[in-house]
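Chemist: Sequence:
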Amino acid sequence: MISDSLKEGHPLYKVMKHMKLVPIELVIDAMLLLIQDDKFAGDIVRITPEYGVTVMGASKLWVAVSAA
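If you use the working numbering, the sequence shown corresponds to residues 1 to 68, in order.
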């Protein structure tokens, strides 16, 4: 769902109309988990509506970035 402030002529409209939004509560919970638990130091979190919160190690991110 796109915000009402993003009308069809807005530069971000083409990008945002394909994105799915996640509840802010899910984002806050993920950030608190990463901040409070030291075992996630240096890890990356992916938050999606389909899969929820996924914590990926920094080494997996490096592989994804270097493959691109």
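Simulated from the structure, these hints should not be mistaken for laboratory data. Even glycine gets a Cβ: it sits at the ideal position worked out from N, Cα and C. Watch out, some of these pointers could steer you wrong.
FRET-style restraints, in silico, Cβ to Cβ [said to hold, decoys possible]:
| id | residue 1 | residue 2 | range |
| --- | --- | --- | --- |
| 1 | F40 | G9 | 37 to 45 Å |
| 2 | I28 | G57 | 21 to 29 Å |
| 3 | V15 | R46 | 17 to 25 Å |
| 4 | V55 | E8 | 35 to 43 Å |
| 5 | P11 | T48 | 38 to 46 Å |
| 6 | D38 | H10 | 39 to 47 Å |
| 7 | K17 | D38 | 18 to 26 Å |
| 8 | K7 | D37 | 35 to 43 Å |
| 9 | M16 | V45 | 19 to 27 Å |
| 10 | P11 | P49 | 22 to 30 Å |
| 11 | D37 | G9 | 43 to 51 Å |
| 12 | T48 | K14 | 15 to 23 Å |
Chemist: Each hint: holds or not?
Modeler: Going down the list of hints, with the structure as the test:
| no. | hint | verdict |
| --- | --- | --- |
| 1 | F40 to G9: 37 to 45 Å | holds (41 Å) |
| 2 | I28 to G57: 21 to 29 Å | holds (22 Å) |
| 3 | V15 to R46: 17 to 25 Å | holds (18 Å) |
| 4 | V55 to E8: 35 to 43 Å | holds (37 Å) |
| 5 | P11 to T48: 38 to 46 Å | violated (24 Å) |
| 6 | D38 to H10: 39 to 47 Å | holds (42 Å) |
| 7 | K17 to D38: 18 to 26 Å | violated (39 Å) |
| 8 | K7 to D37: 35 to 43 Å | holds (42 Å) |
| 9 | M16 to V45: 19 to 27 Å | holds (21 Å) |
| 10 | P11 to P49: 22 to 30 Å | holds (24 Å) |
| 11 | D37 to G9: 43 to 51 Å | holds (44 Å) |
| 12 | T48 to K14: 15 to 23 Å | holds (20 Å) |
Hint violations for this structure: numbers 5 and 7, all remaining hints satisfied.
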